[in-house]
Amino acid sequence: MPIVAIACAIATRQGASEDDIKQLPKYRYHNSSLMRTPNNYTEENCRTSLQLGSKSLDSEFILPPDDSECCICLSQYLEGAELHILPCNHHFHSQCVSKWLRINATCPLCKFNIQRGDTLV
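Quick note: the sequence shown uses this note's numbering, first residue 1, plus one each step.
These are calculated hints, taken from the structure and not from any lab test. Every clue listed holds true.
Taking lysine-lysine and the DSS-like style, the derived pairs with C-alpha atoms no more than 25 Å apart in a straight line are: (1) 99 with 111; (2) 111 with 26; (3) 22 with 99; (4) 111 with 22; (5) 99 with 26.
These numbers come from a predicted model, not from an experiment.
My request is simple: use the sequences and hints to build the entire structure.
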């Protein structure tokens, strides 16, 4: 990202604060196709799930396998990766979206503003 864009964003304070970013739910990525069933066979339906810390299973967020990549860095999620889910339900690697939100407090995909709770477009 150009230095001018960073300086402009800092001057106009378009980015989210560290407190705003810490409020976002954090999940761990788990690929159920890597898990084994009780009969020791791999599951055929490669669904993926995200689990919130040490909370119960109702904190699971299911992702379709073809939606298991970060749209910022364009990398597939690896087992155990830490993800943030924005209020608009878009998900990204925690590190990728934290860097983005410090500069611009909107979702990189739909422009939902995490501070105001609305979309720019």
